[in-house]
Amino acid sequence: MASVTVFMVAEKPSLAESISKILAPNGQYQTRKSYTPVHEYNGQFRNQNARFKFTSVTELSNRTCIQSHNNWDATDPLELFTAPTLKLEANSKQHITKHLQNESRGADYVVLWLDCDREGENICFEVIDNVINSMKEPQKTKENRILRAKFSAITHTDIRRAMDNLVYPNKNESLAVDARQELDLKIGCAFTRFQTRFFQGKYGNLDSAVISYGPCQTPTLSFCVSRHDQIQSFSPEPFWSLAVTVARKNNNDKDKEETLLHWKRERVFDRQIARIFENCVKEANEAIVISVKSERKTKSRPHALNTVELLKHGSSALGIGPHDMMSIAERLYMQGYISYPRTETTSYPKNFDINAVLRTQQAHGVWGSYASELLENGVHKPSGGVDVGDHPPITPMRKAEEGELSGDTWRVYSYVTRHFLGSISPDMRYIRTTAIIKINNEIFECSGSRVDRAGFTSILYSRTSSDTFIPEYKEGERLDITNVKLTEGQTHPPDYLTESEVIGLMEKHGIGTDASIPVHINNICQRNYVKVEGNARRLVPTNLEKIDPDLSLPTMRSDVEKQLNYIALGQAKFKDVLDHSLKLFSAKFKYFTEKIGEMDQLFEATFSVIAETGKIMSRCGKCRRYMKYIASRPQRLHCKTCDETYSLPQNGSIKPYKELKCPLDDFELVLFSTGSDGMGYQLCPYCYNYPPFENISKGMGCNKCTHPTCPQSMIRNTVCPCPQAEVTGCKGRLVLNATLSTQWNLCCNSCNLVSAFTDKLKAVSVTKDEYCDDCGSSILKIEFSKNQTREPLEGCILCDDEISSLLKTR
DNA sequence: GCAAGGTC
Numbered sequence: 001m002a003s004v005t006v007f008m009v010a011e012k013p014s015l016a017e018s019i020s021k022i023l024a025p026n027g028q029y030q031t032r033k034s035y036t037p038v039h040e041y042n043g044q045f046r047n048q049n050a051r052f053k054f055t056s057v058t059e060l061s062n063r064t065c066i067q068s069h070n071n072w073d074a075t076d077p078l079e080l081f082t083a084p085t086l087k088l089e090a091n092s093k094q095h096i097t098k099h100l101q102n103e104s105r106g107a108d109y110v111v112l113w114l115d116c117d118r119e120g121e122n123i124c125f126e127v128i129d130n131v132i133n134s135m136k137e138p139q140k141t142k143e144n145r146i147l148r149a150k151f152s153a154i155t156h157t158d159i160r161r162a163m164d165n166l167v168y169p170n171k172n173e174s175l176a177v178d179a180r181q182e183l184d185l186k187i188g189c190a191f192t193r194f195q196t197r198f199f200q201g202k203y204g205n206l207d208s209a210v211i212s213y214g215p216c217q218t219p220t221l222s223f224c225v226s227r228h229d230q231i232q233s234f235s236p237e238p239f240w241s242l243a244v245t246v247a248r249k250n251n252n253d254k255d256k257e258e259t260l261l262h263w264k265r266e267r268v269f270d271r272q273i274a275r276i277f278e279n280c281v282k283e284a285n286e287a288i289v290i291s292v293k294s295e296r297k298t299k300s301r302p303h304a305l306n307t308v309e310l311l312k313h314g315s316s317a318l319g320i321g322p323h324d325m326m327s328i329a330e331r332l333y334m335q336g337y338i339s340y341p342r343t344e345t346t347s348y349p350k351n352f353d354i355n356a357v358l359r360t361q362q363a364h365g366v367w368g369s370y371a372s373e374l375l376e377n378g379v380h381k382p383s384g385g386v387d388v389g390d391h392p393p394i395t396p397m398r399k400a401e402e403g404e405l406s407g408d409t410w411r412v413y414s415y416v417t418r419h420f421l422g423s424i425s426p427d428m429r430y431i432r433t434t435a436i437i438k439i440n441n442e443i444f445e446c447s448g449s450r451v452d453r454a455g456f457t458s459i460l461y462s463r464t465s466s467d468t469f470i471p472e473y474k475e476g477e478r479l480d481i482t483n484v485k486l487t488e489g490q491t492h493p494p495d496y497l498t499e500s501e502v503i504g505l506m507e508k509h510g511i512g513t514d515a516s517i518p519v520h521i522n523n524i525c526q527r528n529y530v531k532v533e534g535n536a537r538r539l540v541p542t543n544l545e546k547i548d549p550d551l552s553l554p555t556m557r558s559d560v561e562k563q564l565n566y567i568a569l570g571q572a573k574f575k576d577v578l579d580h581s582l583k584l585f586s587a588k589f590k591y592f593t594e595k596i597g598e599m600d601q602l603f604e605a606t607f608s609v610i611a612e613t614g615k616i617m618s619r620c621g622k623c624r625r626y627m628k629y630i631a632s633r634p635q636r637l638h639c640k641t642c643d644e645t646y647s648l649p650q651n652g653s654i655k656p657y658k659e660l661k662c663p664l665d666d667f668e669l670v671l672f673s674t675g676s677d678g679m680g681y682q683l684c685p686y687c688y689n690y691p692p693f694e695n696i697s698k699g700m701g702c703n704k705c706t707h708p709t710c711p712q713s714m715i716r717n718t719v720c721p722c723p724q725a726e727v728t729g730c731k732g733r734l735v736l737n738a739t740l741s742t743q744w745n746l747c748c749n750s751c752n753l754v755s756a757f758t759d760k761l762k763a764v765s766v767t768k769d770e771y772c773d774d775c776g777s778s779i780l781k782i783e784f785s786k787n788q789t790r791e792p793l794e795g796c797i798l799c800d801d802e803i804s805s806l807l808k809t810r
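Quick note on numbering: UniProt numbering labels position 313 of the first sequence as 313, and the sequence is numbered without any gaps.
If you're looking for bench data, these hints aren't it; they were derived computationally from the structure. Treat the hints with care, since some could be wrong.
Claimed, not checked - Result set (DSS-like, lysine-lysine): computed pairs, CA atoms no more than 25 Å apart in a straight line: (1) Lys350 / Lys12; (2) Lys264 / Lys297; (3) Lys293 / Lys249; (4) Lys202 / Lys474.
Based on the sequences and whatever the hints tell you, model everything.
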């Protein structure tokens, strides 16, 4: 019988392996090392003998970039909304692309085992793009040979069922993700650039390199800010409360217990009225017990552990921030101590072998006997929780003793294991007794509770809740009043949100995912919008937090999500939704830029205007007055008279330099030193050129070898693009310079006009003996720095729009 | 230098 090849792809290596284990006959397969491992086995597929090849992707995701609009200075942010976007390969993607192409060569079928959510569907289509041309008979394959496995848990039944019911990938769901990516990118970039530029040009002590905006990070920040506003606008109110103690009659003095009662009215806000109540109680001779009730109560064991719960507990109880928590959990997972730490699921899947996990902990030095007891007496099946079908809950995978893991790693492992044990332990049971006591006509109560069965609390908490006792009162019993006191208090504002509360709010409003919540919180901390304070880890906004309220509502995200849903369900076209949303946000953006004056007033209250900050540094080449140096990030120079801000190289110190002037533009030079090598560079803050200037200004050509027509430097045939050329008759030629390694610029050797590349470029060179067909200028080759992932450009500096858009002329 | 979403 003929044999077919079935090529299968999972989202990560661990999944390819565990699914192979389930599907391969007798769990037997061969593993071959490649970019990611490939598992192979023989079996049956659609009644044919088949060779299965199962591999995975890791970092396939494409990055979307906005072509030719990377220059912050040359692009109006509003243009970003209509600019074309590009899907570009991440560096390491080249390997995975090749890997997929090689491994799928000659395949008859492709089965996609990517996570069953929209992101997964989107990756399906990326995989398809990469394998389609390697498959046997590519033109025929599209419809019925590329198949999607839909699974919700990594269990035998679920995986087998998925294999027997293969479907087709859903293009609409994938398109919804494409739309989200494009929207997030364009909106994020436009607002971030505008905000950053606007405020950095104006204020001196903004302590952040960038003032970012995003549909997740901004609402996250706004939770913290609205609590801050509540606290600021809070005015305390005085209140009065009655504290009454009673004691049983007929008791000897020595064991006469006094019990503090709780006033049913709690407190009143009027002093006069409080006095009336106080007198009313003071007039009474005794208190009467009206009723005594005992109730059995239970506190339920926790659901199985998911990521959000782990993060919340980490922050509130262990003092470990979400970002650190994830890297610790990641490490524990990689070393095989715990299961996959990114999951939303809070209930153990049906086939989850709880006892097997328990057995791994039986010999544990701390909780081994507890685990054994559970095994003997039977576990308490967890109730409630949801199986989202992504990954099983977070559980321990193998035993680790305290000495084996260090510090926080051990504390996290210990919590994961205790939580697991707690989630299958009996509920906590306690008895609560409440006595209602009347004094004149005022009602008081007191209550106590006694733990009947500690249940899960004995393993999950280091301290189990202790009992509180009250005397065994009887109905109708009369008590002595031993003390009546009117106490005065003040209402307090709510406290700042704890990190744990913010995580809860994000989850509730659907902001971010289990994987990205720590990233968003980390972002707003790192960019100085909030600070984590105290052991309780409360997020307190800094001065940077004032953003337009309309744009920071958590509903911003969910409204967009609604639109995206229509795409996913096939009820709306990708383009229509995208156009609609882009138009909407572009209108919001226009409104925002017009209204920024109002926001500005808020800023003026907390920040000093740039002209009033900084220290005097060097003279401006235009007005000849002194400019001020602003040290807060990003360091820059500001000229008050011209109202201009000039950027400086970062990560180094700036000093005045001998009052020497740049021959090109009259700006005074500064000394830039990085400290690490102790070397200083003399630098013109305006054109970024550095000595020897005399060569440039004399039109001598190369500023390295000083040769007037050095081929390395001179763009031989390129006339100066200076706008005054026709008037001034400038016939200069351009000289190519590089200053401070990445700042490339072109300088006219006659009129000294400088055009600088503001993007970070790896290299700019002149293509030898190639000239533009239209104007005869030299052809320029531009290579971008690594992190830009842009293809090199080649073209004429005067005629090629893309190249000239990279240049800013000063 | 800018988003958010996956993965390592």
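Open item on the list: Just to be careful, I want the Cα atoms of Lys293 and Lys249 compared with a cutoff of 25 Å; is the pair within it?
Closed with: At roughly 21 Å apart (the allowed maximum being 25 Å), Lys249 and Lys293 satisfy the hint.
TODO: Please work out if Lys350 and Lys12 have their alpha carbons no farther apart than 25 Å.
DONE: Within the cut-off at roughly 23 Å; holds.
Open item on the list: With the threshold set at 25 Å, check whether the alpha-carbon distance from Lys202 to Lys474 stays at or below it.
Closed with: Violated, because 74 Å separates the two Cα atoms, which is more than 25 Å.
TODO: Would you mind confirming whether the straight-line C-alpha gap from Lys264 to Lys297 stays at or under 25 Å?
DONE: Distance ~22 Å between Lys264 and Lys297 Cα, so the pair holds.
Of the numbered hints stated above, the single one contradicted by the structure is hint 4.
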